[in-house]
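S.K.: So the sequence shown is numbered by my numbering: it starts at 1453 and just counts up by one.
Just so you know, these hints were derived from the structure itself, not from any lab. It is possible that part of the hints are untrue.
Stated by the list, open to error - The calculated lysine to any residue pairs, modelled on SDA-like cross-linking and capped at a C-alpha distance of 20 Å, are:
1. Lys1641 x Arg1655
2. Lys1617 x Thr1528
3. Lys1641 x Pro1602
4. Lys1536 x Pro1587
5. Lys1603 x Tyr1613
6. Lys1641 x His1676
7. Lys1617 x Glu1673
8. Lys1617 x His1676
9. Lys1536 x Ala1520
10. Lys1617 x Ser1530
11. Lys1617 x Lys1641
12. Lys1617 x Tyr1590
13. Lys1603 x Glu1662
14. Lys1457 x Val1675
15. Lys1617 x Glu1559
16. Lys1536 x Ala1460
17. Lys1457 x Glu1662
18. Lys1457 x Gly1668
19. Lys1617 x Glu1662
20. Lys1457 x His1687
21. Lys1603 x Arg1663
22. Lys1603 x Asp1583
23. Lys1617 x Gly1578
24. Lys1641 x Arg1663
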Amino acid sequence: MSGGKVVAGAAEAVADIADGARLAVGGFGLSGIPDTLITALAEGDATGLEVYSNNCGVDGHGLGVLLAAGRISRVTASYVGENKEFARQCLAGELEVELTPQGTLSERLRAGGVGVPAFYTPAGVGTPIADGGLPWRYAVDGSVAVASPPKETREFDGVEYVLEKAINADFALVHAALGDTEGNLVFHKTAMNFNPLAAMAGRITIAEVERLVEPGQIDPEQVHLPGVFVQRVVHSGAQDKRIEKRTVRASEEGGQ
């Protein structure tokens, strides 16, 4: 299927992502991550990438592929606990990391998409998030080379709030279960958490879709993200769904 915003393949779709590009990447854990687009980007040579995402994948999967290749210079995320290489690079001073509350991250992405330059939130007031001093980059000797600056705070109706700036990315990479050739997208369950918001924040949004249909085949009331936010569509087809953590119950015999 062709026409509309459909691009022939993932490599073509990400070909103009250059060194130092700012990327908003969808997904929640390993749910709804744009694997096809990340793989295509990893096969190119763009480096020094600045990433905005809920997390940074796991070792050898998702954004972890770009991280292991040394292609990411900075990450803004709300959770980074499942990637050993991420921890190593962070502590070695090879990677700059801005940790932000999860709700704040989602609203920063949404704000970028709707044209709101900044907003006030109570999340982080009275902590290094607002006061500054949160380590962003470590030196080789373990000292803090770059720390977060203090942010503006203001009181409304007796409650203190901190000012957070919107995120505007050069590109957004997202994964949808269903999409049409004009970029209208439907996300599956947990993939709804960050994919629509990441897509809104990108100046150029590239969506990989498992099932591609013609315009009019998706009920307008079922569209999660309208095509106005999407510039390129790649038909990825169905993909294997990895499980981030597998827990099994001990058998009655005491084994696994």
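S.K.: Each hint should be assessed against the structure and marked as holding or not.
M.R.: The hints, checked one at a time:
At roughly 25 Å between alpha-carbon atoms, lysine 1641 and arginine 1655 are farther apart than 20 Å, so this suggested pair is violated. Our distance criterion of 20 Å between C-alpha atoms is met by lysine 1617 and threonine 1528, whose separation comes to about 13 Å. Straight-line distance between C-alpha atoms of lysine 1641 and proline 1602 comes to about 36 Å, which puts the hinted pair past the 20 Å bound. For the hint pairing lysine 1536 with proline 1587, the CA-to-CA distance comes to about 18 Å; that is within 20 Å, so the pair holds.
Annotation: proposed proximity of lysine 1603 to tyrosine 1613 holds, straight-line Cα distance about 10 Å (limit 20 Å). Restraint check for lysine 1641 and histidine 1676: satisfied, since their Cα atoms lie roughly 11 Å apart, inside the 20 Å limit. About 31 Å separates the Cα atoms of lysine 1617 and glutamate 1673, which puts this hinted pair outside 20 Å; it is violated. At roughly 25 Å between alpha-carbon atoms, lysine 1617 and histidine 1676 are farther apart than 20 Å, so this suggested pair is violated.
Simply put, lysine 1536 and alanine 1520 have alpha-carbon atoms about 10 Å apart, close enough for the 20 Å limit, and the pair holds. For a cut-off of 20 Å, the pair hint linking lysine 1617 to serine 1530 stands: about 15 Å separates their Cα positions. Between lysine 1617 and lysine 1641 the alpha-carbon distance is near 28 Å, which puts this suggested pair outside the 20 Å criterion. For the hint pairing lysine 1617 with tyrosine 1590, the CA-to-CA distance comes to about 24 Å; that exceeds 20 Å, so the pair is violated.
Using a Cα cut-off of 20 Å, the hinted pair lysine 1603 and glutamate 1662 is violated, with the two alpha carbons roughly 41 Å apart. A C-alpha spacing of about 17 Å is found between lysine 1457 and valine 1675, which places the hinted pair at or below 20 Å, so the restraint holds. As the CA atoms of lysine 1617 and glutamate 1559 are separated by approximately 9 Å, the hinted pair is consistent with the 20 Å bound. Using a Cα cut-off of 20 Å, the hinted pair lysine 1536 and alanine 1460 is violated, with the two alpha carbons roughly 35 Å apart.
Using a Cα cut-off of 20 Å, the hinted pair lysine 1457 and glutamate 1662 holds, with the two alpha carbons roughly 15 Å apart. For the given pair, lysine 1457 sits about 15 Å from glycine 1668 by alpha-carbon distance, which is consistent with the 20 Å threshold. The straight-line distance between the Cα atoms of lysine 1617 and glutamate 1662 is roughly 33 Å, outside the 20 Å bound, and the hint therefore fails. For a cut-off of 20 Å, the pair hint linking lysine 1457 to histidine 1687 stands: about 11 Å separates their Cα positions.
Of the supplied pair hints, the one linking lysine 1603 and arginine 1663 is violated, its CA atoms being roughly 43 Å apart against a limit of 20 Å. At most 20 Å may separate the alpha-carbon atoms for a hinted pair to count; lysine 1603 and aspartate 1583 meet this at roughly 6 Å. Between lysine 1617 and glycine 1578, the direct Cα distance comes to roughly 18 Å. Compliance with the 20 Å bound is thereby established for this hinted pair. Straight-line distance between C-alpha atoms of lysine 1641 and arginine 1663 comes to about 16 Å, which keeps the hinted pair within the 20 Å bound.
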